[in-house]
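**Student:** So the sequence lines, in the order shown, correspond to chains A and B.
Per my numbering: the first sequence = residues 1 to 118.
Per my numbering: the second sequence = residues 1001 to 1114.
Quick caveat, the hints were computed from the structure, so don't treat them as lab data.
Source: prediction; values computed, not measured.
Worth double-checking, as some hints may not be accurate.
Here are the computed distance ranges between Cβ atoms for each label pair [to be verified]:
id, chain 1, residue 1, chain 2, residue 2, range
1, B, Q1057, A, T82, 42 to 52 angstroms
2, B, S1042, A, T80, 47 to 57 angstroms
3, A, K64, B, V1046, 43 to 53 angstroms
4, A, T17, B, Q1057, 48 to 58 angstroms
5, B, Y1064, A, S100, 21 to 31 angstroms
6, B, T1009, A, H7, 30 to 40 angstroms
7, A, P40, B, V1046, 15 to 25 angstroms
8, A, T57, B, F1047, 21 to 31 angstroms
9, B, I1011, A, F91, 16 to 26 angstroms
Rough simulated footprint, nothing fancy, chain B against chain A, three-plus residues with beta-carbon under 8 angstroms [stated by the list, open to error]:
id, stretch
10, 44–57
11, 70–83
12, 107–117
Quick reminder that beta carbons are idealized off the backbone N, C-alpha and C, glycines included.
One-letter residues, chain by chain:
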Amino acid sequence: GAVVSQHPSWVICKSGTSVKIECRSLDFQATTMFWYRQFPKQSLMLMATSNEGSKATYEQGVEKDKFLINHASLTLSTLTVTSAHPEDSSFYICSARDRSTEATGTQYFGPGTRLLVL
Amino acid sequence: AQKVTQAQTEISVVEKEDVTLDCVYETRDTTYYLFWYKQPPSGELVFLIRRNSFDEQNEISGRYSWNFQKSTSSFNFTITASQVVDSAVYFCALSVRYSLGLNFGKGTSLLVTP
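Next comes chain B alone, as it looks inside the complex (with noise of 0.2 angstroms):
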């Protein structure tokens, strides 16, 4: 079986701080892809990264970085110089093989104060 662990429920952080968001993942699968989607209030998912399980480069992509560590099995996601408009629940997923759904954890709900 699957799992992904968000143990931050809520975060708050004032405009520019820079906020990491943590996720743990469990799986027997040596072959897994593992995700961050951004849910603003509207609804709508939006895609912001995947990873391969083997392919541990960490990446950096204008304010967004990620850092992913299979020896603690942690993907881990930092905003930097975070904005009001980054406000919204940051959901961790996996998927172990690439035609299987997504398995999410339960979301780290970020609030970005001026």
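Isolated chain A, as found in the complex (with noise of 0.2 angstroms):
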């Protein structure tokens, strides 16, 4: 149990294209979602804090313009990186709190989508 996708694993797209990651909780329902970027041998940071239903909460620093989020549906949320450019690359992780045991904060991480931008 406790699954959660990430739709593409892996993308290259050219400087100035938007890029779309879906994060999905396969077999429970998620209130919240978090996005975070790694890059490449560095820690995880977070990036934002998705509730379904409502505007997300992006951390100090991030752009809320370029890293659209949306959380349409309890198992759904999606971050689109727009005009994208190279310094964008990185590993972006999705993961999402199990409504039914939201008390006990475990979260359970996507597999990650790792973005390349030329």
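With the hints as a guide, bring both chains together as one complex.
**Tutor:** If you want it as structure tokens, here you go:
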């Protein structure tokens, strides 16, 4: 149980294009999902918190107009990197908190999406 | 502000050795949650354990054990009789409220050689 999927797993795009990454909780409902970014050999940095049916909360320094987050249902959140540039190349990881066990605070992570912007 | 420090950047051990990964955290909140995750080369994070600030009972699960000490703000992780498959980056993380995202340490890269 508690499986989170991400699509695509790899994406290569040209500078200036937009890329959408999907995060799905497959066997549970998630009122809260989180988006992290990880540069090579570095730690994960929280980008934003996505709550179903409401606007995402962004961490300081993260541009909300560049990283659009939509959490339209209890099982799906999307991250769109708009007008991507080479410096946006990174490993993007989502996580979800199981609605039924929210009090435990445990987050289940997706497999990540590697983005390369040329 | 919250902070998680993993002072060990890389550790290399020979198979069957025991290894302890250190984690020190900082927070002013009295209620918080601590986690350990494993990230193998594939990149996917694997949840290992969660601890609440009000539960200092240490735990053993198979070859894994955890030592939570509030007095020293530490949450160390020990692998007994390490195996090659344990090779990965291990992250310690902190959340001050269950609804918030995790603050990760920089990770400790563990290499277990045959």
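**Student:** Hints first: check each against the structure and report whether it holds.
**Tutor:** Each hint tested on the structure:
1. B:Q1057 - A:T82: 42 to 52 angstroms: This hint holds: roughly 47 angstroms between Cβ atoms.
2. B:S1042 - A:T80: 47 to 57 angstroms: For S1042 of chain B and T80 of chain A the Cβ distance comes to about 25 angstroms; the hint is violated.
3. A:K64 - B:V1046: 43 to 53 angstroms: 30 angstroms, violated
4. A:T17 - B:Q1057: 48 to 58 angstroms: Once the Cβ atoms are compared, 51 angstroms apart, the range 48 to 58 angstroms for Q1057 of chain B and T17 of chain A holds.
5. B:Y1064 - A:S100: 21 to 31 angstroms: For Y1064 of chain B and S100 of chain A the Cβ distance comes to about 25 angstroms; the hint holds.
6. B:T1009 - A:H7: 30 to 40 angstroms: 33 angstroms, holds
7. A:P40 - B:V1046: 15 to 25 angstroms: 20 angstroms, holds
8. A:T57 - B:F1047: 21 to 31 angstroms: Hint holds: Cβ distance 23 angstroms, inside 21 to 31 angstroms.
9. B:I1011 - A:F91: 16 to 26 angstroms: Holds, at about 23 angstroms.
10. 44–57: holds (count 4)
11. 70–83: Coverage by chain B is violated here, the residue count being 0 at a Cβ distance below 8 angstroms.
12. 107–117: holds (count 7)
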